[in-house]
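Listed below, chain by chain, are the residues.
Protein chains: 4
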Amino acid sequence: MQGENLSDFILLLSCPDRPGLVSIISGFIYERSGNILDLDEHVDPVGKTFFIRVAWNFPSGAFPLAEIEDAFRPLADDFGASWILRHSGSRTRIAVFVSRYDHCLQEILWRNSTGEFPIEIALIVSNHADLSLLAERYGIPYYFFPVTPGNKHDVELKQLELLAENRIGTIVLARYMQILSPRFVALYPSRIINIHHSFLPAFVGGNPYRQAYERGVKIIGATSHYVTEDLDQGPIIEQDIIRVSHKDTLDDLIRKGRDLERLVLAKALRLHANHRILVNGKKTVVFD
Amino acid sequence: MQGENLSDFILLLSCPDRPGLVSIISGFIYERSGNILDLDEHVDPVGKTFFIRVAWNFPSGAFPLAEIEDAFRPLADDFGASWILRHSGSRTRIAVFVSRYDHCLQEILWRNSTGEFPIEIALIVSNHADLSLLAERYGIPYYFFPVTPGNKHDVELKQLELLAENRIGTIVLARYMQILSPRFVALYPSRIINIHHSFLPAFVGGNPYRQAYERGVKIIGATSHYVTEDLDQGPIIEQDIIRVSHKDTLDDLIRKGRDLERLVLAKALRLHANHRILVNGKKTVVFD
Amino acid sequence: MQGENLSDFILLLSCPDRPGLVSIISGFIYERSGNILDLDEHVDPVGKTFFIRVAWNFPSGAFPLAEIEDAFRPLADDFGASWILRHSGSRTRIAVFVSRYDHCLQEILWRNSTGEFPIEIALIVSNHADLSLLAERYGIPYYFFPVTPGNKHDVELKQLELLAENRIGTIVLARYMQILSPRFVALYPSRIINIHHSFLPAFVGGNPYRQAYERGVKIIGATSHYVTEDLDQGPIIEQDIIRVSHKDTLDDLIRKGRDLERLVLAKALRLHANHRILVNGKKTVVFD
Amino acid sequence: MQGENLSDFILLLSCPDRPGLVSIISGFIYERSGNILDLDEHVDPVGKTFFIRVAWNFPSGAFPLAEIEDAFRPLADDFGASWILRHSGSRTRIAVFVSRYDHCLQEILWRNSTGEFPIEIALIVSNHADLSLLAERYGIPYYFFPVTPGNKHDVELKQLELLAENRIGTIVLARYMQILSPRFVALYPSRIINIHHSFLPAFVGGNPYRQAYERGVKIIGATSHYVTEDLDQGPIIEQDIIRVSHKDTLDDLIRKGRDLERLVLAKALRLHANHRILVNGKKTVVFD
Numbered sequence: 074m075q076g077e078n079l080s081d082f083i084l085l086l087s088c089p090d091r092p093g094l095v096s097i098i099s100g101f102i103y104e105r106s107g108n109i110l111d112l113d114e115h116v117d118p119v120g121k122t123f124f125i126r127v128a129w130n131f132p133s134g135a136f137p138l139a140e141i142e143d144a145f146r147p148l149a150d151d152f153g154a155s156w157i158l159r160h161s162g163s164r165t166r167i168a169v170f171v172s173r174y175d176h177c178l179q180e181i182l183w184r185n186s187t188g189e190f191p192i193e194i195a196l197i198v199s200n201h202a203d204l205s206l207l208a209e210r211y212g213i214p215y216y217f218f219p220v221t222p223g224n225k226h227d228v229e230l231k232q233l234e235l236l237a238e239n240r241i242g243t244i245v246l247a248r249y250m251q252i253l254s255p256r257f258v259a260l261y262p263s264r265i266i267n268i269h270h271s272f273l274p275a276f277v278g279g280n281p282y283r284q285a286y287e288r289g290v291k292i293i294g295a296t297s298h299y300v301t302e303d304l305d306q307g308p309i310i311e312q313d314i315i316r317v318s319h320k321d322t323l324d325d326l327i328r329k330g331r332d333l334e335r336l337v338l339a340k341a342l343r344l345h346a347n348h349r350i351l352v353n354g355k356k357t358v359v360f361d
Numbered sequence: 074m075q076g077e078n079l080s081d082f083i084l085l086l087s088c089p090d091r092p093g094l095v096s097i098i099s100g101f102i103y104e105r106s107g108n109i110l111d112l113d114e115h116v117d118p119v120g121k122t123f124f125i126r127v128a129w130n131f132p133s134g135a136f137p138l139a140e141i142e143d144a145f146r147p148l149a150d151d152f153g154a155s156w157i158l159r160h161s162g163s164r165t166r167i168a169v170f171v172s173r174y175d176h177c178l179q180e181i182l183w184r185n186s187t188g189e190f191p192i193e194i195a196l197i198v199s200n201h202a203d204l205s206l207l208a209e210r211y212g213i214p215y216y217f218f219p220v221t222p223g224n225k226h227d228v229e230l231k232q233l234e235l236l237a238e239n240r241i242g243t244i245v246l247a248r249y250m251q252i253l254s255p256r257f258v259a260l261y262p263s264r265i266i267n268i269h270h271s272f273l274p275a276f277v278g279g280n281p282y283r284q285a286y287e288r289g290v291k292i293i294g295a296t297s298h299y300v301t302e303d304l305d306q307g308p309i310i311e312q313d314i315i316r317v318s319h320k321d322t323l324d325d326l327i328r329k330g331r332d333l334e335r336l337v338l339a340k341a342l343r344l345h346a347n348h349r350i351l352v353n354g355k356k357t358v359v360f361d
Numbered sequence: 074m075q076g077e078n079l080s081d082f083i084l085l086l087s088c089p090d091r092p093g094l095v096s097i098i099s100g101f102i103y104e105r106s107g108n109i110l111d112l113d114e115h116v117d118p119v120g121k122t123f124f125i126r127v128a129w130n131f132p133s134g135a136f137p138l139a140e141i142e143d144a145f146r147p148l149a150d151d152f153g154a155s156w157i158l159r160h161s162g163s164r165t166r167i168a169v170f171v172s173r174y175d176h177c178l179q180e181i182l183w184r185n186s187t188g189e190f191p192i193e194i195a196l197i198v199s200n201h202a203d204l205s206l207l208a209e210r211y212g213i214p215y216y217f218f219p220v221t222p223g224n225k226h227d228v229e230l231k232q233l234e235l236l237a238e239n240r241i242g243t244i245v246l247a248r249y250m251q252i253l254s255p256r257f258v259a260l261y262p263s264r265i266i267n268i269h270h271s272f273l274p275a276f277v278g279g280n281p282y283r284q285a286y287e288r289g290v291k292i293i294g295a296t297s298h299y300v301t302e303d304l305d306q307g308p309i310i311e312q313d314i315i316r317v318s319h320k321d322t323l324d325d326l327i328r329k330g331r332d333l334e335r336l337v338l339a340k341a342l343r344l345h346a347n348h349r350i351l352v353n354g355k356k357t358v359v360f361d
Numbered sequence: 074m075q076g077e078n079l080s081d082f083i084l085l086l087s088c089p090d091r092p093g094l095v096s097i098i099s100g101f102i103y104e105r106s107g108n109i110l111d112l113d114e115h116v117d118p119v120g121k122t123f124f125i126r127v128a129w130n131f132p133s134g135a136f137p138l139a140e141i142e143d144a145f146r147p148l149a150d151d152f153g154a155s156w157i158l159r160h161s162g163s164r165t166r167i168a169v170f171v172s173r174y175d176h177c178l179q180e181i182l183w184r185n186s187t188g189e190f191p192i193e194i195a196l197i198v199s200n201h202a203d204l205s206l207l208a209e210r211y212g213i214p215y216y217f218f219p220v221t222p223g224n225k226h227d228v229e230l231k232q233l234e235l236l237a238e239n240r241i242g243t244i245v246l247a248r249y250m251q252i253l254s255p256r257f258v259a260l261y262p263s264r265i266i267n268i269h270h271s272f273l274p275a276f277v278g279g280n281p282y283r284q285a286y287e288r289g290v291k292i293i294g295a296t297s298h299y300v301t302e303d304l305d306q307g308p309i310i311e312q313d314i315i316r317v318s319h320k321d322t323l324d325d326l327i328r329k330g331r332d333l334e335r336l337v338l339a340k341a342l343r344l345h346a347n348h349r350i351l352v353n354g355k356k357t358v359v360f361d
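Protein chains in written order, with our numbering: chain A, 74 to 361; chain B, 74 to 361; chain C, 74 to 361; chain D, 74 to 361.
No wet-lab data here; the hints were simulated from the structure.
Even for Gly, the Cβ is constructed at its ideal location relative to N, Cα and C.
Among the clues, some could well be false.
[Claimed, not checked] Below 20 Å or equal to it, Euclidean Cα-Cα: the simulated EDC-like pairs (lysine to aspartate or glutamate) are:
#, chain 1, residue 1, chain 2, residue 2
1, A, Lys356, A, Asp90
2, D, Lys320, B, Asp313
3, B, Lys355, D, Asp90
[To be verified] Calculated Cβ distances over 10 Å to all of chain B for the following chain D residues:
#, residue
4, Asp111
5, Lys121
6, Gly134
7, Glu140
8, Ala144
9, Arg159
10, Gly162
11, Tyr174
12, Phe217
13, Phe218
14, Arg256
15, Asp303
16, Glu311
17, Thr322
18, His348
19, Val358
[Unchecked claim] Not close to chain C: a few residues of chain A, all C-beta gaps over 12 Å, as computed:
#, residue
20, Ser106
21, Pro118
22, Pro132
23, Phe136
24, Arg159
25, His201
26, Leu206
27, Tyr216
28, Tyr261
29, Pro274
30, Asn280
31, Ser297
Next comes chain A alone, as it looks inside the complex (with noise of 0.2 Å):
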């Protein structure tokens, strides 16, 4: 089911909107014979900016990627898009990085293993051993880079290497505690999924479910974003909450908390491994 499909294209795509861009793209799928079998178009109304999602095959036959690709660019030169062009079921090369709480990456692993997400886990990035075990159950490399206050700085230079190496397209952070720089953000741009235990923006940082105790709140919520520059204010690509009340203690909120947080990052998984999200500036375009 996840094998990569090579009459079977997606394209992403964003730019300024324009008439006649659905029109000579459908065009240009229907010139080469191709079905579309999934469009979803979608044109802000305050940036101007128009986004597509279009999901098609070539029934007569594989199509290289990059013929594709070629044909595709004079295009999209001329609309000032951004774009990604891919087979569809095409496997994201992924590194999870973790800390010490096993529900998130226990999740992902499981869920991968029934073939739900079109990835390949590459490697397990974390500043603990706890987990390691855990990985070698999934067969996946795990990677234990102690971190000190001191260190910090050359731990990333070693993960980013790591990366390069493997040559990783997405990171997902399953509850990593330590805080990326700037500069290794940078180089993930909406590349690098979070998942924060709180419905944003509310509890922003620290200790969000002690906050939501202490504040007295009816609901929770989990909120997985693209990581930007900017802690717990990126683009937020899927959030969803649970009932509590006064008789649930903070045990139970964390108790609570972790369903949420592994089915929203498992969900922020699959979206963006289908090729189904889009950046508009400080926000995210869903094509769900």
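Based on these hints, arrange chains B, C and D on the given structure of chain A.
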């Protein structure tokens, strides 16, 4: 906001799938210098049916509806399509059928007074006199048809005449407790919207809240659907739910359910009036 | 259904926790041949505070409220308790404060007309004349107090006089756009219910829907809370949420949020009027 | 956190309602210097049945369970009560029955490894060998009973023997695809927890996701219930739902439903293991 925009169009179309449909439709718009504002497309992978909703405008000015329809008809005929074309904001003429419960009617009248729906509520039909005051308050003509076991056939004939005279496009059954005859239903295919006070297909038929109470469910629901010959079997437009517990009495279920009914029916009506629903056999495609 | 039941009582009480409280309270009822219909008890494990709501009846007949109060007072004094005792179904006298938005007022008036709340809406106060017709329709006196930067103090004095004269027990701020002074708030502790159109503590202050739109959240909310001196910081009674997407404009957020505001405020009012809420510092205990 | 607390007790009791029950029960605790931590009480207004859960501790020290049971028995006999008394944190011995789907088993094993449930998973029973590796990973004995049309009766006898030998208190059917005989079910009344992959009573029986897909529902659900003789008719413990749309294929429904099944079954098991469920005829009272 609700005014008819003579330069803005909405096309809602379904037909057997084949390559080139999006290209031809978007090309048709582009040739006339139209700019697509919103496009949703879906291909049912089982039935191989193509569904599309396109909203566009002609920046250069107004076009008569008939002119665009005439130009588009040959394409639609070639596709073997079911389709409608509307000026954006054109108001569907609505008849609301009610019995004694006021909550759904109240909700629709109030929402409509805020300009939420592109509809014109032309008249209200009832088998009871109870809600005439509410109709009067909003200045809507109220037609009271007492129904007896013996006169159902005649009453329907009179109702149909009334609907025809008033050029009614869509009928909303806002907790109308009479069952429409197959003949009546056949005259308004996918144009009669009902609200059923259960999470269909659970609790078909009468007294669904009592059924839910006796079964001890932990969640109740409401369902809005198009009416077909088969009671409570029509294509589902929208559903929603609310949690209940052992503490809730039957009266609590009815009270909680009322809120669901109001919101679900209003949402279905908004989707319908904005031409966002296509029927796919026994199901709907909802471009939300 | 909403009539005062002279043989039915509700006790709402909080005090420092200690052994024997349930036994003493239930014993007090049993000694008088009362039958407990519903009992909810909670001990805050952090503050070691005891919270209880007991509903019971005296099958043998009616008791004057004062008689039971007098008998219970020595026990409550011994516990160091905050408490209220009410006949079940006794109606709280309510003043609703509004500005220009009608949806929350409309909702409360309509629901109250169905007998949903054990309240009497004694009067409506507004700083605008807009909603007087709506008030009139339901036969509720409407007091219009034009507010200018210079007369706020005087207006509040007149409002307080009006409330006192009318023996108002609880004030509902149904999208009232003025900020009450600390002096006003202090006179109605835990007796002023506000609806804030965001998922607090996110988007405190003005224009929360705009803030939410600009942040690109995927879920919006509404929060009902008791008013305290600190703006939007009072104990939260109830919250609810609805999903939004990149397709939703600011107007869509406002429209969707209106439904939340109506339902959340109505639920908070119902809980309050049924004596189901106890304040625990900056939080609430809600016996739902 | 999950250890048995010898000074902490939970009483779960139901009996015909009558005045004085709370007073007598709380008096029993108070006489022994116990302190009630949590008390939930409910009277079914239809059946006039009294339900209570009380959690308390004896600050002065440990009491043997049998001693309190012996002291309480005369009261319970007088009430005509069904009741259980447990040390808080005492672990129920569990057998999990599975077939080929791993998601529910995986979820329970992982959650249990975090200490979430006060249970001991004594063994896993399956009619397939597939999940033995997963069992092994968590160190739980796995019993594989191949089932053929001819040997169902014998297999059940062996299973019952195994359960008896291992003093199993509760059986969890984690997507077990065999139907238990009435004789088997009768031996574990209200002690067999099933997960059904639909929003009961919709889509009883086989292939509920296919049924839901074909009906075109907009929401799917999962239901956990106690098993009775009548298939899918037992008292419902917990339900939850997730939205689906016309874009979701049958595979998408199955994938989304898996998440529901995992969470709903886990919640039901936690409620059961914490002695929060009483059966009221064909329904449950859940003190959540």
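Do the hints match the structure? See the list:
no.	hint	verdict
1	A:Lys356 to A:Asp90	holds, 17 Å
2	D:Lys320 to B:Asp313	holds, 18 Å
3	B:Lys355 to D:Asp90	violated, 49 Å
4	Asp111	holds, 16 Å
5	Lys121	holds, 14 Å
6	Gly134	holds, 35 Å
7	Glu140	holds, 32 Å
8	Ala144	holds, 29 Å
9	Arg159	holds, 21 Å
10	Gly162	holds, 25 Å
11	Tyr174	holds, 23 Å
12	Phe217	holds, 35 Å
13	Phe218	holds, 33 Å
14	Arg256	holds, 25 Å
15	Asp303	holds, 12 Å
16	Glu311	violated, 6 Å
17	Thr322	violated, 6 Å
18	His348	holds, 16 Å
19	Val358	violated, 4 Å
20	Ser106	holds, 32 Å
21	Pro118	violated, 6 Å
22	Pro132	holds, 31 Å
23	Phe136	holds, 31 Å
24	Arg159	holds, 21 Å
25	His201	holds, 30 Å
26	Leu206	holds, 34 Å
27	Tyr216	holds, 33 Å
28	Tyr261	holds, 20 Å
29	Pro274	violated, 5 Å
30	Asn280	holds, 14 Å
31	Ser297	violated, 9 Å
Figure legend: structure checked against the earlier numbered hints; hints not met, in rising order: 3, 16, 17, 19, 21, 29, 31.
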